[in-house]
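Colleague: Sequence:
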Amino acid sequence: METIYLEHSNPGQPVIESQSCVFALGFFDGVHFGHQRLIQTAKRISEEKGVPLAVMTFYPHPRQVFDKNNAPVKYLTPLHRKREVLKNMGVDKLFVVKFDPNFAKLSPEDFVEQYLIHHGCIHVVAGYDYTYGYKGNGNMETLKKSGNGRFGVTVVDKISYNKEKIGSTQIRQLVHEGEMEIIPKHLGSYYKVNGYIARSYLLQNDMQELVIKLDADYLVPQKGQYKIQLTIHNILYHGTIEKITIRDNYTLLYAYIYEDFNLSIGSPVDIKWLKSIYEADHETNIVESVV
44 METIYLEHSN PGQPVIESQS CVFALGFFDG VHFGHQRLIQ TAKRISEEKG VPLAVMTFYP
104 HPRQVFDKNN APVKYLTPLH RKREVLKNMG VDKLFVVKFD PNFAKLSPED FVEQYLIHHG
164 CIHVVAGYDY TYGYKGNGNM ETLKKSGNGR FGVTVVDKIS YNKEKIGSTQ IRQLVHEGEM
224 EIIPKHLGSY YKVNGYIARS YLLQNDMQEL VIKLDADYLV PQKGQYKIQL TIHNILYHGT
284 IEKITIRDNY TLLYAYIYED FNLSIGSPVD IKWLKSIYEA DHETNIVESV V
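For the sequence shown, the residue numbers in this note's numbering are 44 to 334.
If you're looking for bench data, these hints aren't it; they were derived computationally from the structure. Source: prediction; values computed, not measured. Treat the hints loosely; a few may be bogus.
[As the list claims (entries may be wrong)] Listed next, the in silico SDA-like pairs over lysine to any residue satisfying Cα-Cα at most 25 angstroms (straight line):
no., residue 1, residue 2
1, K315, I225
2, K318, T274
3, K201, P151
4, K148, K286
5, K117, G238
6, K206, T174
7, K130, K148
8, K201, H166
9, K201, Q272
10, K141, F101
11, K228, K187
12, K148, D135
13, K228, K148
14, K286, K315
15, K141, K92
16, K270, H219
17, K315, H123
18, K117, R80
19, K141, E91
20, K206, T274
21, K315, P227
22, K235, T197
23, K130, T212
24, K235, T185
[Unchecked claim] Label pairs and their calculated CB-CB ranges:
no., residue 1, residue 2, range
25, G93, S310, 36 to 44 angstroms
26, I308, T46, 23 to 31 angstroms
27, V116, D172, 44 to 52 angstroms
28, Y301, G179, 43 to 51 angstroms
29, G179, T283, 40 to 48 angstroms
30, T283, K187, 45 to 53 angstroms
31, I47, Y177, 22 to 30 angstroms
Every residue gets a Cβ at the ideal spot worked out from N, C-alpha and C, and that includes glycine.
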């Protein structure tokens, strides 16, 4: 997958040769069921038209730009993780637009001309509530008018769970509250983060204590203890998170694993959050998706 970074405030950035593409538009934090349907729809259209599938996303989150307190935004899928997920879904090109005050002032008409037409868009797929341009004045109806005779537009309807729209906001709330066992109903898989081993201690009771360091961009629960699965060097381990420490530039997870192995400091770790250990045990049937 080719990744292309665009910055509206940088007129000196290299000119990119346009190639006809089908574009999927959105922020795609979490790449949940709604996002997956959108991208799958765009993939199908791109295959029918015989052109690459391009995803256009934005970074950082607009709230990072408009928040007067400049509080850092935490993500379900930081950019490096989002790239990995989208690549696995068959995306051919990823356009990452830097969201800054200059880009935020762009009119809906200029967004269409400079970011869609200029980069070879022949068809757009986006959610029913997608907005764009200055103050979000552009919507799917204005996009259809702009595309008339130039590009097609497909609108993807909302997907609901328990009569509520599946969306990043709801999933973020579940993570914040530590209700990790509910997340697969929205995401299609358990919530996952990745980091590396900062410290490792072998204990006398055939357990191992790990301190795992995560990128500060990851959203994690503020507190609590959780059942987890860890993948380290392609080996699956079972364990618990006993403590979470959130700093400005990183997050530390203090975990125990039940297998007695001398794991090396610096080893990459993939963590799957299963549930709060205080929740009553129950069996769930979770079908892993492409996430």
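Colleague: For K270 and H219, compute the direct alpha-carbon distance and say whether it is at most 25 angstroms.
Modeller: Since the Cα atoms of K270 and H219 sit roughly 16 angstroms apart, the hinted pair holds (cutoff 25 angstroms).
Colleague: Given the hint of 23 to 31 angstroms, is the C-beta distance from I308 to T46 inside that range or not?
Modeller: holds, 30 angstroms
Colleague: Starting from the range 43 to 51 angstroms, see whether the pair Y301 and G179 falls in it by beta-carbon distance.
Modeller: Given a distance of about 49 angstroms, which is inside 43 to 51 angstroms, the answer is holds.
Colleague: Tell me if the beta carbons of G93 and S310 are separated by a distance inside 36 to 44 angstroms.
Modeller: The hint (36 to 44 angstroms, Cβ to Cβ) holds, given that G93 and S310 are roughly 43 angstroms apart.
Colleague: CA of K318 to CA of T274, is that 25 angstroms or under?
Modeller: Between K318 and T274 the Cα gap is close to 17 angstroms, so the pair holds against 25 angstroms.
Colleague: Can the restraint linking K141 and F101 be considered satisfied, given a maximum Cα separation of 25 angstroms?
Modeller: Measuring from Cα to Cα gives roughly 6 angstroms; hence the hint holds.
Colleague: Given the hinted pair K141 and E91, is their Cα-Cα distance within 25 angstroms?
Modeller: violated, 31 angstroms
Colleague: Regarding the pair K235 and T185, is the alpha-carbon distance no greater than 25 angstroms?
Modeller: violated, 36 angstroms
Colleague: Regarding the pair K117 and R80, is the alpha-carbon distance no greater than 25 angstroms?
Modeller: Distance of about 24 angstroms is within 25 angstroms: holds.
Colleague: Given the hinted pair K201 and P151, is their alpha-carbon gap at most 25 angstroms?
Modeller: holds, 23 angstroms
Colleague: Has the given pair, K141 with K92, been kept, meaning a C-alpha gap of at most 25 angstroms?
Modeller: Violated, at roughly 29 angstroms.
Colleague: Compare the distance between the alpha carbons of K228 and K148 with 25 angstroms, and conclude whether the hinted pair is satisfied.
Modeller: Distance ~37 angstroms between K228 and K148 Cα, so the pair is violated.
Going through the hint list in order, the structure does not satisfy hints 4, 7, 9, 11, 12, 13, 15, 19, 20, 22, 24 and 27.
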